Amino acid sequence: MASTIFIVWRESIEAMLVIGILYSWLKNQASATALDKKNASQGMRYLIAGIGAGVLLALLLAYIMLKIQTELASESLDYFQLIMVLLASVLIVQMVFWMRRHGRHLKQHLETGMQQASEKRSYIAMAVLAMIAVGREGAETVIFLYGTGLSQQQHLAIFISLAVAGFILAYLSFWLLSKGTRYFSWQLFFKVSEALLLLLAAALLVDSVDKMIALDWLPTLIDPLWDSSNILDDSSRFGGVVAAFTGYRAQPALMMVLVYISYWLLIKLWMMRINSTSAKQTKVVKSDSQNRDLSSVQNKAIES
Amino acid sequence: MNTPLLIKNIFIVYLAALTLFCMVNTAQAKALPAYKLTIKNGHFEPEVINVLAGTRFKLVITNLGPGPEEFESKRLRKESVIAEGVTRSVVFAPLKIGEYHFFGEFHLATAKGKIVAQ
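Chains as they are written, first to last, in the numbering used here: chain G, 1 to 304; chain A, 1001 to 1118.
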């Protein structure tokens, strides 16, 4: 019975985490300046549209999984899932970097048309990310709830309440994280969110590399490179959660280890590049806008 | 500002190469040795599947219920939700000699099994 709560929690926490962070971020943007407010409320609409599209996607995928019979359909579903996982990973990384750059931009940059256009593109990416986050795991939740619900007609009421408890627990998990902003600073909340998102993107990358190895598209090189299942078994309940949020594998192939290391190196490089370009920009804008509202500029600079 | 453009182009080429590689690779996959696996009452049947090492093969999984099951194995790199009454075939890359455990995520306590590659 406890497994019902756990499975629902596990299937919904990922989507809640991604959406929750995007939501908090947009809300924080909205409280910054009047111009940001207009942008952020537009972003919020995109986010909600993405969640809606995600629910539809989850139902559609669940329907396909219920009706699937042919080999071709089964294969196509595998490819589709691979694309979704890979795309989600890329979009999360893009989102993290977009937030980072955004935090460092000064408001006058937003007034140009080009900036607005790129803003719109980012919101679309955000909507797609929300859609995949909800759709991917949502489909499995639907199958689990619908299927198990049907097979447990005598205990249906208990089952439904357990499932609801799982959702609530997932929401509480996120709520706890977001309440962190109350007690800590926004910067700290943002840093923690950023780390969680990058880890999640790494986990999704590992997942898609696994899928590609399983399809024989990528060689394993050495498999397994090591076996740490004595320390942390990735098939246990706790190990599974660690695997889902960090990309941990107890018996990884050399290929996987190489991909994982390259991922973090690339992230590190990108971060360094963003930091150096935005430092230059801040200097230029500061000297440009001496007769503008200097204090707000400085505030922004300090914030970032 | 030419470096981002360059990186973008490199990525596009990589992706194109990968796609081509995949197309060639999938074209040769047919007529694989198949093994049956049934899920019933939270158990796998059979719990031990002997397969040939070093050859691609497929597992034809049928879920007789009650309820859905998720066939999962980190070692085998598979994760597949199978609704009640559904039959799905899952293709595996060639395995080295050894034992590979799998389990049913929705019935962790009872649904366990392994593939033995010989």
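Calculated directly from the structure, the hints in this document are not laboratory data.
Treat the numbers as computed from the prediction; the structure is a model and nothing was measured.
Careful: at least some of the hints might be erroneous.
Unchecked claim - Facing chain G, from chain A, some residues (calculated, C-beta under 10 Å):
1. 1036
2. 1046
3. 1047
4. 1049
5. 1060
6. 1063
7. 1065
8. 1074
9. 1087
10. 1091
11. 1106
12. 1107
Claimed, not checked - On the chain A side, residues computed to face chain G include the following (Cβ under 10 Å):
13. 1040
14. 1068
15. 1078
16. 1089
17. 1092
18. 1113
Each residue gets a CB set at the ideal place from its N, CA and C atoms; glycine is no exception.
Cross-check of the supplied hints:
no.	hint	result
1	1036	violated (14 Å)
2	1046	violated (20 Å)
3	1047	violated (15 Å)
4	1049	violated (16 Å)
5	1060	holds (9 Å)
6	1063	holds (9 Å)
7	1065	holds (6 Å)
8	1074	holds (5 Å)
9	1087	holds (6 Å)
10	1091	holds (8 Å)
11	1106	holds (6 Å)
12	1107	holds (8 Å)
13	1040	violated (12 Å)
14	1068	holds (4 Å)
15	1078	holds (6 Å)
16	1089	holds (5 Å)
17	1092	holds (7 Å)
18	1113	violated (12 Å)
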